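J.: If you want the building blocks of each chain, they are given just below.
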Amino acid sequence: MLKAVGGTALAAALAGCSSLIGAGTNQDTSGEVSDVPDEPIQAGLQTFTEGPAAVLGLQSQYGAELAVERINAAGGIAGREIQLDVKHEADAYVENYTQFVSEGKEVTFGPVSSGGHAALAPEVEAQGVVNVSTDGTVTTLYEETVPDPTYSFRFQNYDVMECVSAARETVNRLGAENVNTVAGINPNYAFGKDEWKVYTTALQKLTDVEIVYEGFPDLLADDMSTHITEINNQQPDVTFSSQWGGDVVTMMNQAAANNMFDNTQLVGTVLYSAVNDLSQDIVEQAQAFSGSRNYYWGEPEPSRWSPGQKMLDDARSKWDIIPSGHFMSGYGAVASWATATEKAVNLLGGWPSQEQIAMSLEGHGFFTPAGYHVMSERHQGLSTTYFGEMGWSGDVGAPVLNDINSYSPPDVSPPPGTKSIDWIESW
Amino acid sequence: MSVLTNFITHTLHGVQYGFILFLIASGLTIILGILDVLNLAHGELYALGAYVASSVLGYVVGLVPPPTDAASQAVFVAVVLGGAVLTAAVLVPVGAAIESVLLRPIYDRNEVYQLVLTFALLLIIKDAIKFGWGPTPVRLQSVYSGINGIPAASLVGLNYPTYNLVIIAVGAVVVVGLFYFFNRTKTGRIIRATAIDREMATAIGVSTDRTFTLVFAVGAFFAGFAGAMALPPTNATLEMGANPLVLSFVVIVIGGLGSLRGAFVAALVVGILSKWATWQYPPAELAAPFAIMAVILLVKPDGLFGTWGEMDA
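Quick note, the sequences are listed as chains A and B, same order.
For the first sequence, counting from 1, position 391 maps to 391 in this note's numbering; every step adds exactly one.
For the second sequence, counting from 1, position 150 maps to 150 in this note's numbering; every step adds exactly one.
These aren't lab readings, by the way, just hints derived from the structure by calculation.
This one's a predicted model, so the numbers in the text were calculated from it and none came from an experiment.
There's no promise every hint is true.
Stated by the list, open to error - Below, a sample of chain A positions facing chain B; criterion: calculated Cβ distance under 10 Å:
| no. | residue |
| --- | --- |
| 1 | 142 |
| 2 | 215 |
| 3 | 223 |
| 4 | 254 |
Stated by the list, open to error - Just a sample of chain A residues kept apart from chain B, beta carbon distances all over 12 Å, derived:
| no. | residue |
| --- | --- |
| 5 | 55 |
| 6 | 69 |
| 7 | 184 |
| 8 | 230 |
Claimed, not checked - In silico DSSO-like cross-links for lysine-lysine, where the CA-CA straight-line distance does not exceed 27 Å:
| no. | chain 1 | residue 1 | chain 2 | residue 2 |
| --- | --- | --- | --- | --- |
| 9 | B | 130 | A | 87 |
| 10 | A | 193 | A | 419 |
| 11 | A | 193 | A | 205 |
| 12 | A | 87 | A | 318 |
| 13 | A | 87 | A | 419 |
| 14 | A | 419 | A | 205 |
| 15 | A | 318 | B | 130 |
| 16 | A | 87 | B | 300 |
Glycine included, every Cβ here is placed at the ideal spot set by N, Cα and C.
Let's have the full structure, built from the sequences with the hints guiding it.
T.: Structural data, given as structure tokens:
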């Protein structure tokens, strides 16, 4: 069976362009390949489709679905379309993956959860079907949990990147001499503790800051007032938070009700994940500095960057949402696997094995509407990180990030072979 | 912030939390004390209240002008409270139907059947919520910020959300109302008498069927009311029923099973002590209510006002 390979079309479709300029796309795509199966590619995505975490999880699902739609519209990978099966992540990370494998899935994506990813990655290595996680960004995953991965990959920037970005952003905007005290409100699980540790370690290297309070409300806590009152009492120069989704809304609503924003500057890594749920009065009171992971729809300016405008238009028209970093994590996970697999098809002249796809993913560079990404040799995605001041746009009818700063991977992540905390300690 | 102001603010958080706990636990206590049924679906009735409130309250506050001056603020608060009562009223037929159709046939059977039935109801109500309102959280931020726009606490120099003061006031009214109902009204006394001796009550002409249906409906009403009051500062999620159910157990065990007075005292004790504990040692947040329960049960194994088998108000 011979099928034509539409490499440029696929890569261009995923980049959101009609044509591509730059590195990573100059393969010979005019040849033909043999040994390509007839049937569509069966792929599985586990994400949160319900409950509070669905605020992030559905964005990942929509992003993945948009990538699949574009791949299929461009003729698939070596002519093979992708069929995406979505499962609710729940607490069944390993079970979901195992079921996907037993159903014959050729690739799996997800999960969103950090704790879930730590449980899943060793199983991926054992079963040998490539998984590209959308998120699950805990720093220790490829430093301690699975230090030498073969089949497990992660598209999204990991915690150290957004926390070091947050620390640099804090100093850039406030000045090191004005950052003397810091407090934290972070979710009480692996991700929240990881982010607080990395942020404070980095901030203490950049300033003489003293930690005056650290509170860890449970996920989905409906009352954060005790932590907020203590921050009002301490009045730290900076309050750092890695709250996400619905917890951002609860925290910021209650912080506004207790006038917390008069007493401290809120800095958060993923406050913008609540973009679709925050109200104007709260956003304007807070004037918080927020990260947006490796994608912000307004950077570059949509009017000057048609792939960005197209993605924003698609997200708003299909799902009535402002796409967040989690939208890109779903999109990018699929895009990384699809473009790497296509590259392997071109090199091999046939359909690659799981191991060959994994090798192709290592060090793989590709475009999305968010720009250029690299899946590093360490299996960790490395992309530009975005940070800005949250404000309200009447035109968009939603929070926006103003005065954006971007951080390239070498500025906010350790060199290969160095653990994140060791790297920060060495500054 | 002065030491005293800080102390008062943290204590107010505890009192407010205690009243929310009491609002949730009161329905569970009433049903347990009178019907002798441990209703595992109580947390889901609370969640259902929050979801219904997102629709009902969302609609009724849209009918009045935004709260700007004193008059419009008073109207706004009244409409919110009216909406919460309306929300709770929606739960009344739900509770009545559960008792009369599902629970009544199995009163004479082993208690395990009641547990299995109410656990099944928990799952069914959760699915019904998902069907009705979708899989993602719902919010009602405008009510919270609208009421907080009234500068009540700042009149005495405190920085404290007015909405929380409203919860404390409403909780106090509910406490007084419930005690009055069970101690001073004929219906309340009949209900208590029915709980103590069902045969005697039947012999003097009381319809126990009707009484039990009424009690379950009242329990559902308070669960729904608590859900409606709890929604504005946070959001309603499919998982929101689990924590309140567990904390309600903590409260009614500390108070003494079946004692409404015990539930009230326990709710305030748990609310205030756990907020103080979190303030002094933030990592204690999750464990505090359970540690308080363990200590109290060591001293008083039957709880503070233990009255097994009869309703005590």
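J.: Straight-line Cα separation of residue 87 of chain A and residue 318 of chain A no greater than 27 Å?
T.: holds (20 Å)
J.: Grab the minimum C-beta distance from residue 223 of chain A to chain B and call the hint holds if it beats 10 Å, violated otherwise.
T.: holds (6 Å)
J.: Per the CB criterion, is residue 215 of chain A less than 10 Å away from chain B?
T.: Result: holds, 4 Å to nearest chain B Cβ.
J.: Is the Cβ of residue 69 of chain A farther than 12 Å from every Cβ of chain B?
T.: holds (22 Å)
J.: If you take the shortest Cβ to Cβ gap from residue 254 of chain A to chain B, is it below 10 Å?
T.: Since the shortest Cβ distance to chain B is 6 Å, the answer is holds.
J.: Hint check: residue 318 of chain A vs residue 130 of chain B, CA-CA at most 27 Å. Holds or violated?
T.: holds (22 Å)
J.: Is it true that the CA of residue 193 of chain A sits at most 27 Å from the CA of residue 205 of chain A?
T.: The hint holds at about 18 Å.
J.: Are all C-beta atoms of chain B more than 12 Å from that of residue 184 of chain A?
T.: Incorrect as stated: the minimum Cβ-Cβ distance to chain B is 10 Å, not above 12 Å.
J.: Run the distance test for residue 130 of chain B versus residue 87 of chain A: straight-line Cα separation, threshold 27 Å.
T.: holds (17 Å)
J.: The output says residue 55 of chain A does not contact chain B. Does that hold with a beta carbon cutoff of 12 Å?
T.: Violated, because the least Cβ-Cβ distance between residue 55 of chain A and chain B comes to about 6 Å, which does not exceed 12 Å.
J.: Does the structure keep residue 419 of chain A and residue 205 of chain A at a Cα separation of 27 Å or less?
T.: holds (16 Å)
J.: Would you assess whether residue 230 of chain A, listed as outside the interface, keeps its beta-carbon beyond 12 Å of every beta-carbon in chain B?
T.: violated (6 Å)
Consistency note: the structure conflicts with the earlier hints numbered 1, 5, 7, 8, 13 and 16.
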